[in-house]
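Using the sequences and the hints, build the whole thing.
So the sequence lines, in the order shown, correspond to chains L and S. Each residue of the first sequence is one higher than the one before, starting from 1 at the first, in UniProt numbering. Each residue of the second sequence is one higher than the one before, starting from 1 at the first, in UniProt numbering.
Please note: incorrect hints may appear among the correct ones.
Because identical chains cannot be distinguished in the list, a pair is counted as satisfied if it fits within a single copy or across any two copies.
To be verified - Think about it this way: if two alpha-carbon atoms lie no more than 25 Å apart in a straight line, the pair counts; the simulated SDA-like pairs of lysine to any residue are:
#: 1; residue 1: K102; residue 2: P60
#: 2; residue 1: K83; residue 2: D66
#: 3; residue 1: K102; residue 2: W259
#: 4; residue 1: K102; residue 2: Y45
#: 5; residue 1: K3; residue 2: I117
#: 6; residue 1: K102; residue 2: D61
#: 7; residue 1: K160; residue 2: W259
#: 8; residue 1: K83; residue 2: D61
#: 9; residue 1: K83; residue 2: R48
#: 10; residue 1: K146; residue 2: T90
#: 11; residue 1: K83; residue 2: P31
#: 12; residue 1: K3; residue 2: Y64
#: 13; residue 1: K141; residue 2: S165
#: 14; residue 1: K83; residue 2: R47
#: 15; residue 1: K27; residue 2: A167
#: 16; residue 1: K27; residue 2: H261
#: 17; residue 1: K146; residue 2: G78
#: 18; residue 1: K221; residue 2: E191
#: 19; residue 1: K83; residue 2: H36
#: 20; residue 1: K83; residue 2: P189
Source of the hints: derived by calculation from the structure; they are not laboratory data.
Number of protein chains: 2
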Amino acid sequence: MRKRPIILGIVGDSAAGKTTITSGLVKLLGPDRVTHVCTDDYHKYDRRERAEIGITALHPDCNYLDVMELHLERLHYGQPILKPVYDHSTGTLVRPEYVQPKEFVIVEGLLGFSSPIMRQFYDVKVYLNPPEDLRTVWKIKRDVAKRGYTPEQVLAEMEKRESDSAAFIRPQRDHADIVVQFYPPANVPVEEAGPTLNARLTLRPTIPHPDLTYLCEDGSKSPGVRLELGRDGSRPVDILEIDGSVSPENARRLEDVIWQHLPDLSPIQGDQFGDYLDRSEMRHSDPLAITQLLLTYHLLRQYSGVADLPFARPVAALSRVSQTAAPVVGR
Amino acid sequence: MRKRPIILGIVGDSAAGKTTITSGLVKLLGPDRVTHVCTDDYHKYDRRERAEIGITALHPDCNYLDVMELHLERLHYGQPILKPVYDHSTGTLVRPEYVQPKEFVIVEGLLGFSSPIMRQFYDVKVYLNPPEDLRTVWKIKRDVAKRGYTPEQVLAEMEKRESDSAAFIRPQRDHADIVVQFYPPANVPVEEAGPTLNARLTLRPTIPHPDLTYLCEDGSKSPGVRLELGRDGSRPVDILEIDGSVSPENARRLEDVIWQHLPDLSPIQGDQFGDYLDRSEMRHSDPLAITQLLLTYHLLRQYSGVADLPFARPVAALSRVSQTAAPVVGR
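This is how it looks when you write it as structure tokens:
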């Protein structure tokens, strides 16, 4: 009997690091086990039309959110979709492609958590939340290198998008199981932070996280890695901090602790993830590697059924999408 | 409360007259009430790829039939689809379009009745079945005028497609509620038959047809129009014959009898349907007009709920499409 696919949602503003996170996950899980879907493909208008209408790609009205809902439902049930395709290099909508979901589906984009119907079909929801000055550096780097813009054009575009970011993108943070924030250490200029970036993972108790309390017992034993109770809004959360300066040994120890929760799964090569592209050069970041490993833990755990879900997920009322089924949750 | 759309399926081989039938229906019902979907849009491969692979557009493997099934389900429930688009003029697959079904949906194409799941979502199913020599004349006319082929190329293409026509297209005739056959009168060469073509409508008792038994009472009173009991395979059917030579008065009388079953509906201008294009010239055919009127009768009747459905349609088991709903049948 075939299992349904496990769906990971990665949402964040433009250039928040979605593709970087995803590429490590694909390596960890294996490309033959992962289907990658980008919600940018669901744009209603191409680049020229958006300019004519005066709408940004971030606005819900610029996207077929209803089709996205239906397609998420289909993927959740392991069924194929005929996915629209937006070509970023030309800014046009082109021939759709037939997508048959594999064991894991990574859905990555701007508006993936924007409706309750969409949200109910994810097994794990991640929101990427870099400080705006770091995101600006990332966006300029990428759009100049890959999409042929000047830095000034990128800044102008970001300013034009700011009100939509505030209205439609950032509120989705509230729906994530895990909020990931990379940020530069104090006194390091944001442009040069690269491999020194720290990661702060806000772990909401909406999914069962691995037991990392060893980190709390004696902080001096694991410099560069901390787990602390905190509040996110009014809700209690765990906050996992991984410094960019963490020693390889301490990073490895945390990876091992995460990994020991999945004893049945084949070992994974540690040098295959945690990499990112910086001016066409591959670099490694331990905070990035640990973030990817933790997400992989959640995906494999859901898929293998190693543990029961301690938190029942709400089963939604009849979906507008199919008038029928609530998603299959737990197992 | 909004009603669900009524879906008419029109299936037939290439150049069997699908578009000609449809265009009169759109006029009869009003363009603002009709959504038109062509299943050619669900081709998996574009023209170049089909040539490379050596597959015809008629083969099920050349079409996303599963996506077609899902989209039919969506349309049945009044929900929008993001429909793929095949551009016949260039033979390429292009940007999909968002289609919100109106009151009536006409789904026209080669393989519309090829699976049980598809078939359950139509309210009325029509198969067009001209004799092959007439279809050859029609196909040459169209493909030379509109698609830039030579007559020899069209004949070669038809020969290449013949085995797929026999295997996949013609068996769909069995699933139609109405089989429409235009054919030339004896002694009229098929190339010149045009406005003299007779129509033979095989009316299966799978949907309730209007009472036309007046035609049986005294055949001499309505020359050019006949209703006879017959067998189609082993099943009893009504066969309605309309000669191309029928007098305008007798054609009008039959139209009135059909129309009197729908007294509440606004009168329709008789000169707005029954037209067809012959070498860029519009011509009129009474058999065509009556065929279109009868189909309109079925669509309006289903939509208005004027009569109850005397025949319960089979409610399918759980659909593979959504694992959920059987279609809404009857009212």
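Checked hints:
no.: 1; hint: K102 with P60; in the structure: between (28 Å within a copy, 24 Å between copies)
no.: 2; hint: K83 with D66; in the structure: both (13 Å within a copy, 13 Å between copies)
no.: 3; hint: K102 with W259; in the structure: within (23 Å within a copy, 54 Å between copies)
no.: 4; hint: K102 with Y45; in the structure: between (29 Å within a copy, 22 Å between copies)
no.: 5; hint: K3 with I117; in the structure: both (22 Å within a copy, 24 Å between copies)
no.: 6; hint: K102 with D61; in the structure: between (30 Å within a copy, 21 Å between copies)
no.: 7; hint: K160 with W259; in the structure: neither (43 Å within a copy, 59 Å between copies)
no.: 8; hint: K83 with D61; in the structure: both (19 Å within a copy, 19 Å between copies)
no.: 9; hint: K83 with R48; in the structure: both (21 Å within a copy, 21 Å between copies)
no.: 10; hint: K146 with T90; in the structure: within (11 Å within a copy, 31 Å between copies)
no.: 11; hint: K83 with P31; in the structure: within (19 Å within a copy, 29 Å between copies)
no.: 12; hint: K3 with Y64; in the structure: between (28 Å within a copy, 23 Å between copies)
no.: 13; hint: K141 with S165; in the structure: within (20 Å within a copy, 55 Å between copies)
no.: 14; hint: K83 with R47; in the structure: both (19 Å within a copy, 20 Å between copies)
no.: 15; hint: K27 with A167; in the structure: neither (34 Å within a copy, 45 Å between copies)
no.: 16; hint: K27 with H261; in the structure: within (20 Å within a copy, 66 Å between copies)
no.: 17; hint: K146 with G78; in the structure: neither (33 Å within a copy, 41 Å between copies)
no.: 18; hint: K221 with E191; in the structure: neither (32 Å within a copy, 93 Å between copies)
no.: 19; hint: K83 with H36; in the structure: both (11 Å within a copy, 21 Å between copies)
no.: 20; hint: K83 with P189; in the structure: neither (41 Å within a copy, 49 Å between copies)
In this structure, the earlier hints numbered 7, 15, 17, 18 and 20 are contradicted, and the remaining ones agree with it.
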